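Go by the hints and put chain D onto chain U.
Protein chains: 2
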Amino acid sequence: MQKQIRKTCNGLDLEQMGQTVAALKSDPALAQFQFRAHNQWIYGGENRSTIRDFYGAGAEDTSRDKDFVFTNGEPPVLLGHNEGANPVEFLLHALAGCVTTTTVLHAAARGIKLRKLSTELVGDIDLQGLLALDDSVPAGYESIRINMNIEADCSEEELSELIAFAQRHSPVCNTVCRPVPVTIERVNTMRIAA
Amino acid sequence: MQKQIRKTCNGLDLEQMGQTVAALKSDPALAQFQFRAHNQWIYGGENRSTIRDFYGAGAEDTSRDKDFVFTNGEPPVLLGHNEGANPVEFLLHALAGCVTTTTVLHAAARGIKLRKLSTELVGDIDLQGLLALDDSVPAGYESIRINMNIEADCSEEELSELIAFAQRHSPVCNTVCRPVPVTIERVNTMRIAA
Chain U
15 MQKQIRKTCN GLDLEQMGQT VAALKSDPAL AQFQFRAHNQ WIYGGENRST IRDFYGAGAE
75 DTSRDKDFVF TNGEPPVLLG HNEGANPVEF LLHALAGCVT TTTVLHAAAR GIKLRKLSTE
135 LVGDIDLQGL LALDDSVPAG YESIRINMNI EADCSEEELS ELIAFAQRHS PVCNTVCRPV
195 PVTIERVNTM RIAA
Chain D
15 MQKQIRKTCN GLDLEQMGQT VAALKSDPAL AQFQFRAHNQ WIYGGENRST IRDFYGAGAE
75 DTSRDKDFVF TNGEPPVLLG HNEGANPVEF LLHALAGCVT TTTVLHAAAR GIKLRKLSTE
135 LVGDIDLQGL LALDDSVPAG YESIRINMNI EADCSEEELS ELIAFAQRHS PVCNTVCRPV
195 PVTIERVNTM RIAA
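Sequence order for the protein chains is U and D. Take 15 as the starting number for the first sequence in this note's numbering and just add one per residue. Take 15 as the starting number for the second sequence in this note's numbering and just add one per residue.
Isolated chain U, as found in the complex (with noise of 0.2 Å):
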């Protein structure tokens, strides 16, 4: 049997990456993805998501072979037991996540390899918005600053228009910057329905 060799930029094949953006072209509604996750309530600040199935590319993804299950908790100072990673932590990897994975596939499709890419966050919060002890106070985080250390083989000029492009692209960093509408609906079933 013969392997075929596959082309690949900072580990992404690229004749896969432009299948499926000459794909997206010519049909765009295969380019709108639902993400499921499903959480429930242990004890205290400890919850539990499973995380498996979502819908894109126009059909429900069955890649998956088992679920994906992540712990939030909270630290003692903020009452809880470190059962996991508070929440507000878990945005800072989901952020951190896809400001680099935009940065590596903005990266393939200029022809640009990346030699290393690492960031560490930084996000301040003031707790009397979740603690509703000052109404003129935020709830959410005040800002979040991103430290990239990356290197690639491409000018200077070019790598700081890449990271900049990766910013404005990133769907976590855009979902942070922009207002995005959450409604919470109550149900007496689970039962995603798309």
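No wet-lab data here; the hints were simulated from the structure. These numbers were taken from a predicted model, which means no experiment stands behind them. Errors might be hidden in some of the hints.
Footprint (simulated), chain D over chain U, 3 or more residues, beta carbon under 8 Å [stated by the list, open to error]:
| # | region |
| --- | --- |
| 1 | 30 to 43 |
| 2 | 87 to 99 |
| 3 | 137 to 143 |
| 4 | 181 to 187 |
| 5 | 191 to 201 |
Distance condition first, Cα-Cα at most 30 Å in a straight line; then the derived DSS-like pairs of lysine-lysine [what the hints assert, rightly or not]:
| # | chain 1 | residue 1 | chain 2 | residue 2 |
| --- | --- | --- | --- | --- |
| 6 | D | Lys-130 | U | Lys-80 |
| 7 | D | Lys-80 | U | Lys-130 |
| 8 | U | Lys-21 | U | Lys-127 |
| 9 | D | Lys-39 | D | Lys-127 |
| 10 | D | Lys-21 | D | Lys-130 |
| 11 | D | Lys-127 | D | Lys-21 |
| 12 | D | Lys-39 | D | Lys-21 |
| 13 | D | Lys-127 | U | Lys-80 |
Every residue, glycine too, gets a C-beta built ideally from N, C-alpha and C.
Positioned in the frame of chain U, the structure of chain D alone reads:
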């Protein structure tokens, strides 16, 4: 040694909660928290965060004796190998957990006992934004819907008011609903500065 009996509600220590609120009221600077994450790109759509230290309540936290480690990945349809949930899915996990914990916290503050609380989240996203195929399409979630199954020992009216209050005071929900500034700065070494 006599075991101390602590009064709890929904798994939260009411005495500690009262002390925390009293401390923050007398010195609001104690409510300033800074959360952090370090992330390392692995290859393709895979990257990994470590989360441990944070600043809050006037001091660096020292309660955690090991890192939390989380891996972002992508499914095959998004050029990955399901190395982990993807960043926009982790965002849903963060949002689910935060709305849940905020509900549990403010229920306890009101003396409302929760019998159960679970949520399912769906987030719709058009990947033409990420892929820069259409500048009019935002890169992030168009909207996120939370279905909540909750039972508590209070009236329907009190429960509805509690949920609406928790939605407004959840840090992750507020970060998603409100435009929060994110900045990226290139650095040559990784070192989080307060």
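Find the hints from earlier in the document that the structure breaks and name them by number, from lowest to highest. 13
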